[in-house]
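Chemist: Here is how the chains run, residue by residue.
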Amino acid sequence: MASGKEIRTQISSIQNTQKITSAMEMVAASKMRKAHDRMELTRPYARKIRDVIGYLAEADSDYRHPFMEARPANRVGYIVVSTDRGLCGGLNNNLFKQMLKDSRAWHEKGVPSDFCTIGQKGSVFLNSVGGNKVASQSQIGDRPSAEELIGTVKVMLDAYRDGTIDRLYLVFNRFVNTMTQEPQIEQLLPLQAEAEPEGKYRWDYIYEPDPRTLLDGLLIRYVESQVYQGVVENIACEQAARMIAMKSATDNAGDIIDDLKTEYNKARQANITQEISEIVSGAAAV
Amino acid sequence: MANTVQCDIVSAQENIFSGKVEMLTATASNGELGVMAGHAPMLTGLAPGPVNIKTEDGAEEVYFVSGGYLEVQPHHISILADTAQRAHDMDEAAAKQARDEAEREMANRSSEVDYSRAAARLAEAAAQLRTLEKLRRKKR
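Protein sequences, first through last, are from chains A and B. In terms of UniProt numbering, the first sequence has 163 at position 163, counting the first letter as 1, and numbering is strictly consecutive. In terms of UniProt numbering, the second sequence has 36 at position 36, counting the first letter as 1, and numbering is strictly consecutive.
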């Protein structure tokens, strides 16, 4: 059995770890609230632009944008949103598992994948397992601006426009609530138009200057806003997952400390008992 | 009481304005433009400039947008504002940066996904988490 002093050092070292994890838990909790608020703020834009795109799909326009036309898939692209830092439980791994499943299904049909990563962890993961990474961005921080993502999105949009990729998916974690985050794969391109109702009143927008330039810009904004929304949501998920992970780490440290304390007391008790019995037997011998 | 129309001004990062307006003027890509209730459906790009709105109680408000899109439907107007000025070459530079970062990391690495290795790695991580979970439960 370990001696009293050894156990004491061990207890104090675990207590230090516990202080760190409980501090991280509190930091994550406050960051999560902020990230959640930001997520709410970005929703109106994403919803509005989705409405406009919905109207556009309904509108009886002569011009069909390539982003709206489905073509046979020869190569697919993924924009993978992951976290920059670890210590957030199984968040990233669950996401990657989902992504690999999807990518593998394509692979078995003879369709290779291209990846674009946002966040350090996704990039590191792809480095270790291979995979054609065409664009990558990390260190986006806790409050990314929509402009920071333009580059990565553009790489994928260009690839789609050139016909290098024929599908574009966004892979991110959806924030359901603090306890649940759901890995999600969303098709960005081509746009999935809903079935057209029959005999509807047909109309079209007045386009200024012309539909081509207008739609081009608008559809790019649409994809960007979806990606941005995904990133913001993923950040909220990261903080929530970290909070939970750190909470359970703190609880675990508490359990271990309790166990060690029992052990320490036992050791101390044994020591005292031994000393008493030595004194008693010594006195009896005299 | 003049006719009013629902107007929403949103940017990717926040909701800027939402409410009933009598009239809205903005700088579209083809020039200054005013919209009132009952306008025909229209979609236009916006140039950087002020957006003036006259709210239903007659107050005037001015917002600055650095570009974006104006969508008009008979019963509502939406402005999708950009948060920063956009230029083609700036977008191109950002794209190049993202591409370069990937290339640097991709140097001498296979571009084929090693599915079995990836699955093994993920399984390992999942197993670790499961073990921790189990240890925890046993304690209870």
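Simulated from the structure, these hints should not be mistaken for lab results. Remember, it's a predicted structure, so these values are computed and weren't measured experimentally. Treat the hints with caution; some may be incorrect.
Stated by the list, open to error - Some chain B residues close to chain A (C-beta under 8 Å, calculated; not the full set): (1) Thr4; (2) Asp8; (3) Ser11; (4) Glu14; (5) Phe17; (6) Lys20; (7) Glu22; (8) Pro48; (9) Val62; (10) Asp91; (11) Ala118; (12) Ala119; (13) Leu122.
Glycine included, C-beta positions come from ideal geometry on N, C-alpha and C.
Chemist: Hint by hint, where does the structure go against what was stated? Just the numbers, ascending.
Modeler: The structure conflicts with hints 1, 5, 6, 7, 8 and 9, although it agrees with all the remaining ones.
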